[in-house]
Amino acid sequence: MEDKHQWPLYEVFVRSRGGLDHKHAGSLHAADARMALEHARDLYTRREEGVSIWVVRSTDITASDPRDADSLFEPARDKVYRHPTFYDIPNEVKTL
Amino acid sequence: MRVRDEDLFRYVLRLGDLSLVLGQRLGQWVGHSPALEEDLGLANVALDLLGQARLFLSYAGEIEGRGRGEDQLAFLREHGEYLNPTLAEQPNGDFGRTIVRQVLIDAFQLELYERLTSSSDERLAEIAAKAVKETRYHLRYSGGWLVRLGDGTEESRARVSSALEHLWSYTVELFAEDEVDHAMAERGVAPRLADVQKTWSGHIDALLAEATLERPRERPYSWFGKQGAHSEHLGYMLAEMQYLQRTYPGARW
Chain A
2 MEDKHQWPLY EVFVRSRGGL DHKHAGSLHA ADARMALEHA RDLYTRREEG
52 VSIWVVRSTD ITASDPRDAD SLFEPARDKV YRHPTFYDIP NEVKTL
Chain B
2 MRVRDEDLFR YVLRLGDLSL VLGQRLGQWV GHSPALEEDL GLANVALDLL
52 GQARLFLSYA GEIEGRGRGE DQLAFLREHG EYLNPTLAEQ PNGDFGRTIV
102 RQVLIDAFQL ELYERLTSSS DERLAEIAAK AVKETRYHLR YSGGWLVRLG
152 DGTEESRARV SSALEHLWSY TVELFAEDEV DHAMAERGVA PRLADVQKTW
202 SGHIDALLAE ATLERPRERP YSWFGKQGAH SEHLGYMLAE MQYLQRTYPG
252 ARW
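Those sequence lines, one after another, are chains A and B.
Sequential numbering of the first sequence, starting at 2, is according to my numbering.
Sequential numbering of the second sequence, starting at 2, is according to my numbering.
Since the hints were made in silico from the structure, they are not lab data.
Incorrect hints may appear among the rest.
[As the list claims (entries may be wrong)] Okay, derived cross-link-like pairs now, SDA-like style, lysine to any residue, Cα gap no bigger than 20 Å in a straight line:
{"id": "1", "chain 1": "B", "residue 1": "Lys134", "chain 2": "A", "residue 2": "Ala77"}
{"id": "2", "chain 1": "B", "residue 1": "Lys134", "chain 2": "A", "residue 2": "Gly51"}
{"id": "3", "chain 1": "B", "residue 1": "Lys131", "chain 2": "A", "residue 2": "Arg48"}
{"id": "4", "chain 1": "B", "residue 1": "Lys134", "chain 2": "A", "residue 2": "Thr46"}
{"id": "5", "chain 1": "B", "residue 1": "Lys199", "chain 2": "B", "residue 2": "Arg218"}
{"id": "6", "chain 1": "B", "residue 1": "Lys134", "chain 2": "A", "residue 2": "Leu38"}
{"id": "7", "chain 1": "B", "residue 1": "Lys131", "chain 2": "A", "residue 2": "Arg35"}
{"id": "8", "chain 1": "B", "residue 1": "Lys134", "chain 2": "A", "residue 2": "Gly20"}
{"id": "9", "chain 1": "B", "residue 1": "Lys131", "chain 2": "A", "residue 2": "Arg58"}
[To be verified] Label-pair distances were calculated between CB atoms; the ranges are:
{"id": "10", "chain 1": "B", "residue 1": "Arg188", "chain 2": "A", "residue 2": "Gly19", "range": "36 to 44 Å"}
{"id": "11", "chain 1": "A", "residue 1": "Arg35", "chain 2": "B", "residue 2": "Gly66", "range": "41 to 49 Å"}
{"id": "12", "chain 1": "B", "residue 1": "Leu37", "chain 2": "A", "residue 2": "Arg35", "range": "55 to 63 Å"}
{"id": "13", "chain 1": "A", "residue 1": "Asp61", "chain 2": "B", "residue 2": "Arg124", "range": "43 to 51 Å"}
{"id": "14", "chain 1": "A", "residue 1": "Glu49", "chain 2": "B", "residue 2": "Gly203", "range": "28 to 36 Å"}
{"id": "15", "chain 1": "B", "residue 1": "Glu211", "chain 2": "A", "residue 2": "Trp55", "range": "20 to 28 Å"}
{"id": "16", "chain 1": "A", "residue 1": "Asp22", "chain 2": "B", "residue 2": "Ser119", "range": "39 to 47 Å"}
{"id": "17", "chain 1": "B", "residue 1": "Pro217", "chain 2": "A", "residue 2": "Asp61", "range": "22 to 30 Å"}
Bear in mind that the values here come from a model prediction, so they are computed numbers and not experimental data.
In this text, a Cβ means the ideal position worked out from N, Cα and C, and glycines have one as well.
With the hints as extra help, turn the sequences into a complete structure.
Printed below as a string of structure tokens:
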């Protein structure tokens, strides 16, 4: 049940400048999405940290369970061939 | 010695004092807001207003030409020398009342600054160009809250309705043109207040409609803060605001 005395929690993502990704900046409470944007602006971009903001209700995020970490992430550990480190890079290529 | 341009001096003081007094009022919410997020929201607006006040008061000091700077004008004048409209000094009351006061003034400043960007006075045009961007956000913030509270619960609606009813009569003064306003408009420094009122009114009506609130009936009553005759509330506010500078003259940190 939703607590009527506490505004719902929103997660805030801020893009620091054009071309970069939105990065998780933190979270805040707000009554609606518009208020969340305004709070995010006041809380997370007051020192020119961003040019764009996303907010999303925390309850709308589906997160992986830390207890599943073994089955989700362990299997990738011994598969070094997935890293592109087995290619010979020609000398002429300088900027890779 | 007479002030070089008394009309302009008084006009710029009015602009500065409006921002200064309203900013001080909003600052009083810090640590008392209904939520931490609102604490920061209100403080942000307060700081913008303080920034505007600094620009206006510094300029006023230069116009006056007696060596008074922004600090002296902000902290060392007497009650009757402040020229803000009376609405700005009205106490915060509950959050709803603060929001109503803010909406009424934000919309006024927005309409005023937009026109001041084409003032014949270059310095004022520059300050207005900076301030208008801030003010657009202020109105977005306060307007959002007015709609939320007006179209909210029974209690929030009752509170903003009574605040609107209470504060409405103070808006008459915002648009009451006296000889200073008249002189400024004649010189192309400031817009006609009647024009400002027209678009202000449209702005406010749209917001009230969205908030499902009724526009109060017009009352002929007027206040005279712009001429330095204030309500009893300003003195208490100034006592707190000026305390430090008067106790420790020239104090810095």
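Violating hint indices (sorted, rising): 1, 7, 8, 9, 12 and 17
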